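Residue numbers for the sequence shown follow the UniProt record's numbering, beginning at 1 and rising by one.
None of these hints come from the bench; they were simulated from the model.
One or more hints might be untrue.
What the hints assert, rightly or not - Here are the computed lysine to aspartate or glutamate pairs in the EDC-like style, where the Cα-Cα straight-line distance is at most 20 angstroms:
no.	residue 1	residue 2
1	K864	D797
2	K699	D777
3	K186	E62
4	K726	D709
5	K699	E741
6	K472	E407
7	K130	E80
8	K795	D887
9	K186	E197
10	K184	E118
11	K819	E746
12	K632	E615
13	K873	E904
14	K1001	E943
15	K1001	D723
16	K130	D146
17	K184	D221
18	K186	D221
19	K956	E904
20	K959	E936
21	K699	D727
22	K819	E936
23	K130	D46
24	K613	D630
25	K424	E471
26	K472	E562
27	K374	E432
28	K184	E148
29	K959	D93
30	K959	D999
31	K476	E562
32	K848	E837
33	K959	E904
34	K981	D887
35	K1001	E904
36	K742	E692
37	K848	D797
38	K726	D747
This one's a predicted model, so the numbers in the text were calculated from it and none came from an experiment.
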Amino acid sequence: HTHTHVLLKTKRLCVLVLRHTGLTLPTTPLSPSPFQVHITVLDNNDNAPVFSQPTYDITISEDTPPETEVVQVLASDRDERHRLTYSLHSAIDPSSLRLFRIDPIIGTVYTTERLDHEARAQHILTVMVKDQEFPYRRNLARVLVDVEDVNDHVPVFTSALYEGSVYESAAVGSAVLQVTALDKDKGENAELLYTMESGNTGNTFWIEPVLGIISVARELDLSTIGHYIITVRVTDNGSPPLSANSVVRIAITLSDNAGPKFSQTEYQAEVTENVAVGTSVTTVSAMSQSTLTYDIRHGNSERTFRINQYSGVITTQKPLDYETTACYNLIIQATNMAGMASNATLLIRVEDINDNAPAFLGLPYYAAVQVEAKPGVPIFRVTAMDRDKGINGEVPEGQNIIYTIVEGDPSLQFDIGFDTGVIKVINSLDYEIASSFRLTVRATDYLTGARAEVDVDVTVNDVNDNPPVFEKTSYKAVLSETAMIGTPALQVVATDQDSEKNNIVHYQIFYPTDAYNSTDHFHIDSSSGLILTARMLDHELVQRYDFIVRATDNGFPPLSSEVSVVLVVNDMNDNPPVFNQLLYEAYVSELAPRGHFVTCIQGSDADSSDYDKLEYSILSGNERMNFVMDGKTGIIMLSGHRKQRMEPAYSLNVSVSDGVFTSTAQVHVRVLGANLYSPVFELNPYEAEVRENAAIGTKVIQVRATDADPGVFGQITYSFINDVGKDQFSVDANGQITTLEKLDREDPANKNIFLMVAAQDGGGRASYCTVRVSLVDDNDNVPRFRAVEYRASVKSDVGKGFLVTQIQAYDPDDGANSKVTYSLYSEAHVPVVDILEIDPDNGWMVTKGSFSHLRNSVLSFFVKAVDGGIPVKHSLVSVYIHVLAPDALISSFTQPQFSFTVPEDTPIGAALGSVRLITPPGYASLPVTFALVNGETGENNLEGVLVVDRDTGVIKLDKPLDHEVITSFHFKVTATVQQAKLDSVTSVDVEVKVLDVNDNKPAFESNSYEATVMEGMPIGTIIIQVQALDPDSGANGQVTYNLGTLAQSEGEPDQSTETFTIDSNTGWISTLKELDHEMCPSYTFLVVASDLGEALTLSSTSTLTLAVSDINDNPPSFLDERYLGSVRESDPPGEVVAVLNTRDDDSSAVNRQVSYHITGES
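Full structure from sequences and hints, please.
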């Protein structure tokens, strides 16, 4: 048979001490043979890793590059299968964490960025090591990194320019000014020394190297240097040293008690002896702190000079004579208001001049010359001599006089020998241009400049050198074909500029060879030049006669000239006028101004004489006088009586008459419609409702706009101009707005939905309206309790009607859907309703029965919150009531409710305040534990933004605050007092109000806006409204608008603020001047929205692209003022004569369409 033995563990086994234990057990008394049992003890993760040292101290230079190894932390773990990982757990300054990283495997700490000793001299990091076996164990160590300073900051002067002044009389060692520099480094690196680098001429000043005080080093002289510009350098004591420069400007001034000081002690001047009395000689000036007066104290006994006592200007009072006095030595004195005087010397030299000019001999001078005289022929000689003595006269004869012609020879036809005085002809003479000359000859003493002038009269003798000249270059006359023989046709006249008999003229006619059958049709009077008919004329045979008339003078040899004569034979009226086409078609814009060109009709007449007599008129079709016709040119224009709205087409009957005969034609005028009206919405604003959670495609509202224009200009398209409309809604061609997504009324973004709708017609005119969409509530939210559980304490002998606690729940729905009703809910064996009741409306829980049977126990149950929606939604919350003995302590808080206020930028970890209990005498030793009870919404601290210290009751911030998300927190704090049999729990309501700071920029409803406006609209035309929202409160959320810079404009550059304006409160943008599509077809500029934050103003921008649509506001123009065409008489009809090029600055095709009309002949 078998025996079963049980091995009992008698002591705890440790794998580190005992790996295997072998035990020998007897089987039975009859079988003493032994056997072995092997027991393996498995390792358990019961040891935390341990760092090699609790604190690591490291020093590192601030110029250490990134990714430099700082230190390696080491840890060990006694467990068998430990895998350790390292991480940076925390830092005293959170910003230190971004400057370091740790290798998770080997524990080496590296820098991630360059360190800055001036920003933080020490970083204290907490390093964590953790094993990887469950249950996980960890340990912490501290790393202290000291950052050594290096010389990495250049000293900076407090000013780029220092200015000072010092009296000229200042004593050596006097301080002038002090320069100061700052260095952000520390220690030796921040020790500064000052030196002067340049500008200290003559080492006039000295600078104290440590304090930077500049002092006078030697005596100052204002007359030598009036101001100094000195470069000062500051150098730190680092290695290598760093330095910076600044400029010091020092002005030297006179003290108030100093006497006048001349800018120089001796002045010199020169003046010629022939200057007029009152001529300025020179100016002396002195410096003083008060008004100066000047006087000549010595050397002016003859009163030859005077000085202006205020300005120091010295002038002559008498004529100067070099031969009498050649030099004056004056003493000038300057006196200030205090009577203090100073002297200077003035030396005036008188310059000699030549007093005798050269004199001409043998006056007067007359000369004669033949008109045909050759160039180079001498005609006369003038002679002059100089009677000066000494240096101005003692020169060999003929060597000191130069002759020149200075006047009377505008065409440069004469020349004079500069040293001989001989006058010669150098260009041909013309008696008819000038029959005489009066030449002015000048003789100049080239040593002294003395000179004299004389007139020489030259007479020109004439020859026959001018042919007759006709008054006209050609002659033309018109004769009727009925003219009788001997009828005067015209008179030609020629004149001859020669004199006497040379200017008598005779006339002759010369016909072209073989012209007009060599028959003389005209006769000319040889003396008068009158041309008469010699035969009867016939327009049908010869329409025009061309011949030459020659005029000959009476000189020898005779001279002649010729002129062409054209005689046109006029026709008689024997043909009716005709239009060049029977039907004319034209078009005109409805916007064309009064007097605008419509078309031109033209007629012709076989009788050439009748062409200019043609008269045009409108016979019918113009009953409302919309058109007017120019009777001479046939041009039809819009009249001044027309109305703006015209008929689509007109048919006019027109006529042309030569006074005897009349012809008619038809003119069809088509009127092109214009975009005269903008769309107009039936309402603005619109109000609409839509149920939340409605299906995609649900109809919201239909907006309607009408346009009085017919055709394409009256067709309207709708679009959204803000992002809310574009993203969540759609609008079709009929203005029907539908949803693009399901909408949640409880979403704060949907609190106020405003849609900006634009209606634009086919011509570019647009108008805008606002649609306010309200969301109708659905019961899609359950009530949410303000606390996840409720705890309270009562004594077992509590009476009826005692207020235990208040249960509060909130339903974010609207109306009846948000109405909350409370009731008690418990297990069947817990008869809560017998001892408690709850107010269904306000949630207050009240005792109504005995609690004695529940002494020293905790009563637990639920409270049910039900909303008033259909279908009903509800929530449950746990309630725990501690029933204490009558002699037990139930503590109370020092206040029935605590309230704290904190800015939203409060740092994490900050203490907001504390809650405190009232401790009766004798109970101070009872342990108290505080706890924060979160609720089911963010306002009830669902996210754990706030925490309470369990021992002290201090409420701290654990996560960032955001006023725009949650403006205030409401939660409960419980205090649990440990007692012998059952702890007592007391709760209090805490409110934390979050104050707003300006931490949000205004946000535009759209990142970019687009709009269209027609060119030529009046100033003040409203274009579009931009809107931005700022979630901050008060002034921080109040938005104002202004226009930013012009980002882009096609065409000529423009400034947006000169072209457009924006209402700073409403965001409506309008024009400041008329827009021109041809100058700039589009604008793209920034719109800036700024809030009114008190401490800091924030702003954001959006882009507005504005298209300027084209209208027909530019007339076509010809590229050239004149075109030349050519045609041969043998060319058939339809041959191209000339091509005319035009330009129209309008951009659209319909506005650039050009039609051409011949409106007349020249």
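We went through each hint and held it up to the structure:
1. K864 to D797: Answer violated: K864 to D797 is near 27 angstroms, above 20 angstroms.
2. K699 to D777: Given that 20 angstroms is the threshold and the Cα spacing comes to 17 angstroms, the pair holds.
3. K186 to E62: Distance of about 12 angstroms is within 20 angstroms: holds.
4. K726 to D709: 28 angstroms, violated
5. K699 to E741: 12 angstroms, holds
6. K472 to E407: Not OK: K472 and E407 at ~36 angstroms, beyond 20 angstroms, violated.
7. K130 to E80: With Cα atoms ~15 angstroms apart, K130 and E80 stay inside 20 angstroms; holds.
8. K795 to D887: With a Cα-Cα distance of about 8 angstroms, the restraint between K795 and D887 holds, given a limit of 20 angstroms.
9. K186 to E197: Violated, because 26 angstroms separates the two Cα atoms, which is more than 20 angstroms.
10. K184 to E118: Roughly 7 angstroms separates the two Cα atoms, so the pair holds.
11. K819 to E746: The given pair, whose Cα atoms are some 16 angstroms apart, holds under the 20 angstroms limit.
12. K632 to E615: 5 angstroms, holds
13. K873 to E904: 35 angstroms, violated
14. K1001 to E943: Violated. K1001 to E943 sits at ~25 angstroms, over the 20 angstroms cutoff.
15. K1001 to D723: Since the Cα atoms of K1001 and D723 sit roughly 17 angstroms apart, the hinted pair holds (cutoff 20 angstroms).
16. K130 to D146: 26 angstroms, violated
17. K184 to D221: 41 angstroms, violated
18. K186 to D221: Cα-Cα ~43 angstroms, so violated.
19. K956 to E904: Holds: K956 and E904 sit about 13 angstroms apart, inside 20 angstroms.
20. K959 to E936: Judged against 20 angstroms, a Cα distance of about 17 angstroms means the pair holds.
21. K699 to D727: 16 angstroms, holds
22. K819 to E936: Satisfied, since the Cα-Cα distance of roughly 17 angstroms is no more than 20 angstroms.
23. K130 to D46: 13 angstroms, holds
24. K613 to D630: Given pair K613, D630 holds - Cα atoms ~13 angstroms apart, limit 20 angstroms.
25. K424 to E471: With Cα atoms ~36 angstroms apart, K424 and E471 exceed 20 angstroms; violated.
26. K472 to E562: 11 angstroms, holds
27. K374 to E432: Answer holds: K374 to E432 is near 17 angstroms, not above 20 angstroms.
28. K184 to E148: Measuring from Cα to Cα gives roughly 14 angstroms; hence the hint holds.
29. K959 to D93: 16 angstroms, holds
30. K959 to D999: Holds - the C-alpha atoms of D999 and K959 are around 17 angstroms apart, at most 20 angstroms.
31. K476 to E562: 15 angstroms, holds
32. K848 to E837: 7 angstroms, holds
33. K959 to E904: 11 angstroms, holds
34. K981 to D887: 12 angstroms, holds
35. K1001 to E904: 16 angstroms, holds
36. K742 to E692: OK: K742 and E692 at ~7 angstroms, within 20 angstroms.
37. K848 to D797: 12 angstroms, holds
38. K726 to D747: Satisfied, since the Cα-Cα distance of roughly 18 angstroms is no more than 20 angstroms.
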